[in-house]
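Heads up, the sequence shown is in full-length UniProt numbering, so the first residue is 1 and it goes up one at a time.
What the hints contain is simulated information worked out from the structure, not anything from laboratory work.
A few of these clues could be false.
[Unchecked claim] Now the in silico label distances, taken between C-beta atoms and shown as ranges: (1) P68 with D282: 22 to 32 Å; (2) E265 with K57: 41 to 51 Å; (3) Q244 with G210: 17 to 27 Å; (4) E265 with P182: 21 to 31 Å.
All residues carry an ideal CB built from backbone N, CA and C; glycine is no exception.
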Amino acid sequence: MTCYNLGDLPGTSLAEAGDVIASETPLRTIPRLPARGLGSDAVGATLALMPELPIEKGPRSWRLTTRPQILTRRVWDRTERDLDQLEELWGEVEEVQFAVMGPWSLATRIELSGGHRVLADFGALRDLTEVFIGGMGRHALELHRRFGARVSILIEEPDLNSLAAGTVKGTSDFDVIPTVFPKALGERLHAVVAGLRDAGIESVRLNQLGRHPRVDVARICAADGVLVSRSAIAGTAMLDEVGQALSQGITLGVGTIREGDFLDEDRANPRRHAVAVARLFDELAIPREQLTHAEIVPAAPLNGSTLLRAARALACARVANEMLEKDAGDL
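The whole structure should be built from the sequences, with the hints applied where relevant.
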């Protein structure tokens, strides 16, 4: 049980973002600052860790190129400078986490040089998956070298529902993207999770916040944790999926914290979130002793307002998690 940022934060100052993370979260997640412009989004930042796949900005999306462009080199350089700055700011820490876009969603959002989605080419999808595992493994080793820390990864897969529903459109009427069934989605991610663990990554979390969560895929791929919006855990089928995930040993990250939340003097705000998660476990008929398998997390990335509001929300999340750990029976 711990508190952590989801990756994205507001502003353009890495030093300020790093200071907020160090002050408010026990598990330090490398900050991503989309406001810094092109290449700072989830796709660009993830591809920066995969130098075998140089990119350029195409007319519709990111596009793979045969050799590095100026943009690619800029993103690589900025990633290196960011780590230098965080290493100086944080020093040695117990655990560090980094957030990336997962291979399925990357494959829907990147085009090959000919203009087709990577997803439409089985060989390209296979290569992307292999390069993803290698790139994330190398990055984890670099983080361990710099911070002396255990390394965790938060994989964002926002496109799983579209893939499972067969609603991902090709780049033309002749470019048909077939439905990818949950079993296939989970099995590819299972190979990814296994590869990341072999590379020394200690914990793999699957981020499914802000949408109908594919808890079934998280179970198939045997992720260590799955992040789900509290509002999405409703109905018998979803309650059963969540209960089975918990019984499988998967940690549940419950997204309840909003940007307007803050740590008030009598701690009523964090207590409200801790009570909501405790009552969810009651609804699942799971003993409150098992609340150690839950984490209270932001319901969405905290980059929509100011860094001060994000810091206050993370402080609220931190105390709410402490309440789950220490006062579960009294909530």
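Now the hints, each set against the structure:
1. P68 with D282: 22 to 32 Å: violated (54 Å)
2. E265 with K57: 41 to 51 Å: The hinted range 41 to 51 Å holds for E265 and K57, with Cβ atoms some 48 Å apart.
3. Q244 with G210: 17 to 27 Å: Since the Cβ atoms of Q244 and G210 sit about 22 Å apart, the hinted range of 17 to 27 Å holds.
4. E265 with P182: 21 to 31 Å: violated (46 Å)
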